[in-house]
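Okay, here's what each chain looks like letter by letter:
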Amino acid sequence: EAGVAQSPRYKIIEKRQSVAFWCNPISGHATLYWYQQILGQGPKLLIQFQNNGVVDDSQLPKDRFSAERLKGVDSTLKIQPAKLEDSAVYLCASTGTGSWETQYFGPGTRLLVL
Amino acid sequence: AQSVTQLDSQVPVFEEAPVELRCNYSSSVSVYLFWYVQYPNQGLQLLLKYLSGSTLVESINGFEAEFNKSQTSFHLRKPSVHISDTAEYFCAVTNNNAGNMLTFGGGTRLMVKP
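In order, the protein sequence lines correspond to chains A and B.
According to my numbering, the first sequence is numbered sequentially starting from 1.
According to my numbering, the second sequence is numbered sequentially starting from 1.
There could be a bad hint or two in this list.
[Unchecked claim] Think about it this way: if two alpha-carbon atoms lie no more than 25 Å apart in a straight line, the pair counts; the simulated DMTMM-like pairs of lysine to aspartate or glutamate are: (1) A:11 with B:20; (2) A:71 with A:14; (3) B:49 with A:86; (4) A:83 with A:101; (5) B:69 with A:63; (6) B:113 with B:16; (7) B:69 with B:20; (8) A:44 with B:16; (9) B:69 with B:58; (10) A:44 with B:15; (11) A:11 with A:86; (12) B:49 with A:63; (13) A:71 with A:85.
[Unchecked claim] If you want the footprint, here are the derived chain B segments under chain A, 3+ residues with CB under 8 Å: (14) 43-56; (15) 100-111.
Simulated from the structure, these hints should not be mistaken for lab results.
Every residue gets a Cβ at the ideal spot worked out from N, C-alpha and C, and that includes glycine.
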């Protein structure tokens, strides 16, 4: 079974530029999460999807961050415009129906904003 | 609201020595507790979880954690560590009211020395 896929693995941009991250969850997993992990800290949930609907986005900075999961499968997280403090690893995770308690994480996208 | 505190950011230990990684949580309702491990250059993996029942839970690689409701703790232990256990360990909590969304602690870096 293939794991959670993320791309790109690394991204360097200048502040005020835009960037997008892509995630493909494990096949059949209805729930998808995006986390932000700043260096030296634990992951912080940004948004949770159930199929193509948003369950919770209360910690997503909506003035600059957006996310979508249009067909209920893969998802895109966008930052526009980026700030220096957005430098972090962006993690995607998914869970299957009936196994909510185990989140499977992708390798993450490491973003550096200069 | 729920929160997790990992009291030690780094724990150096010699190979074959015992180790305890501390985790305390705060929640006003019943909780589910998790330990995730992140090996260098890899994504987070679930190590063990407490959902209900026995307060002592074990992983397949010799780690165990005990849920202590009175102390609001979920410390992770291993009686004899290996070099391969070197990793970052994250404690996480959720509850039914949180929509099963995880709140992570800041992480503890376990450094096993030969």
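Okay, the hints, checked on the actual structure:
| no. | hint | result |
| --- | --- | --- |
| 1 | A:11 with B:20 | violated (36 Å) |
| 2 | A:71 with A:14 | violated (31 Å) |
| 3 | B:49 with A:86 | violated (31 Å) |
| 4 | A:83 with A:101 | violated (33 Å) |
| 5 | B:69 with A:63 | violated (40 Å) |
| 6 | B:113 with B:16 | holds (9 Å) |
| 7 | B:69 with B:20 | holds (18 Å) |
| 8 | A:44 with B:16 | violated (33 Å) |
| 9 | B:69 with B:58 | holds (18 Å) |
| 10 | A:44 with B:15 | violated (32 Å) |
| 11 | A:11 with A:86 | holds (12 Å) |
| 12 | B:49 with A:63 | violated (36 Å) |
| 13 | A:71 with A:85 | violated (31 Å) |
| 14 | 43-56 | holds (count 6) |
| 15 | 100-111 | holds (count 8) |
Comparing the model with each numbered hint stated earlier shows that hints 1, 2, 3, 4, 5, 8, 10, 12, 13 do not hold.
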